[in-house]
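Novice: So you can see what is in the structure, the chains are spelled out below.
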Amino acid sequence: NAGVTQTPKFQVLKTGQSMTLQCAQDMNHEYMSWYRQDPGMGLRLIHYSVGAGITDQGEVPNGYNVSRSTTEDFPLRLLSAAPSQTSVYFCASRHPAVGNTIYFGEGSWLTVV
Amino acid sequence: GIQVEQSPPDLILQEGANSTLRCNFSDSVNNLQWFHQNPWGQLINLFYIPSGTKQNGRLSATTVATERYSLLYISSSQTTDSGVYFCAGAHNAGNMLTFGGGTRLMVKP
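First to last, the sequence lines map onto chains A and B.
My numbering applies: residue 37 is where the first sequence begins, and numbers increase by one.
My numbering applies: residue 9 is where the second sequence begins, and numbers increase by one.
There are no misleading hints in this set.
Rough simulated footprint, nothing fancy, chain B against chain A, three-plus residues with beta-carbon under 8 Å: (1) 77-86; (2) 136-148.
Calculated from the model, a selection of chain B residues having no Cβ within reach of chain A, i.e. all distances over 12 Å: (3) Leu-19; (4) Val-72; (5) Asp-89.
Over 12 Å on every C-beta distance to chain A, these chain B residues come out as not near it, computed from the model: (6) Pro-16; (7) Asn-26; (8) Arg-30; (9) Tyr-81.
Think of the hints as simulated: they come from the structure by calculation, not from any bench.
Just so you know, even glycine gets a beta-carbon here, dropped at the ideal spot from N, CA and C.
This is chain B alone, in the form it adopts within the complex (with noise of 0.2 Å):
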């Protein structure tokens, strides 16, 4: 099956400050989608994007499906931007989806 790998594995941001967090996958995945489990454990999709660019908000995401990776970037960082962020992927749109082991960000005030 495909592996996926998120990196870094834990980040503290100052209030306002930018990030970056990457995903890579071990094979070509046409289902790729973004999470964000907030601390109390609920999960919430914030992108569908196996390849392009799609923003929403302070959060954006760009795939580059040729080279099996994808980043998503949050700017300007709020305390609520908290907690662990996932990748998934799957070959196919229809296939169950792999997750990564996620990214945990605090933003402190």
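Chain A on its own, in the form it takes in the complex (with noise of 0.2 Å):
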């Protein structure tokens, strides 16, 4: 059972061009969501899927998207990385149960130069 997996881990990337984060659970869970994390702050909502082909946006979605096509892949795609998407990027899912624990990927450390 691997859980939340994400890749790449790290990843530069200049201004302009686009890439892929990859993340997938094993988990069957329903919930998936990416956030973001700025250096000594907490973890804003980018966008979040309640189940294959529903996708919805959180709190700081400009500059990404994302797509559900099977309940285990929740890939985050940057469309034209700025140095502003420097930051690390945490992908996690649950079951939609009351009280169901939250699983977190162990983070994808990005650098816009």
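Given two chains presented individually in distinct reference frames, assemble the corresponding complex, making use of the accompanying hints.
Specialist: Following this line, the structure appears as structure tokens:
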């Protein structure tokens, strides 16, 4: 049981480049989400999904796209990277039942130069 | 949306000391969780506690839902307790969580 797996762990991008952060979970969780964590700050919600084919925006969605074609996968796409998107990105998943634990991936460190 | 404030922002303890971390919410929450982020960045869920009190070893948490705050108690702190402690909440159990800014804890040997 791998839990929540994120790739890549580290990435350096040039301004204007695009890329996709991958997230996969093997726990059959319906709820998945992406957060970003800037230095010294808490996590802010980018996008989330409550099931395959359903996505919605969080607090800071601009510059990012998501899709949820399967229960297992929830990729995050940066359309045209900007230095302001330098951050650590965390993918999370959980079962929607009350009280269920939220599981985080190990994070993806992204630097945009 | 919900605003989440945590205090203190930073805390330095000597090993063996006890501490209390606080989390205030701007609105009622039915989903409240505490997390620990270790120095390597890994996030671990500590408690799901929308109300009442729970204990897990040296850690315990109490949420007073009517007054919109939660407390995390760490007793007999150890160096491995170092890291950042986050609380997060949502109006409903199914909603995504809003995180506070965290309390950065350093436990010195």
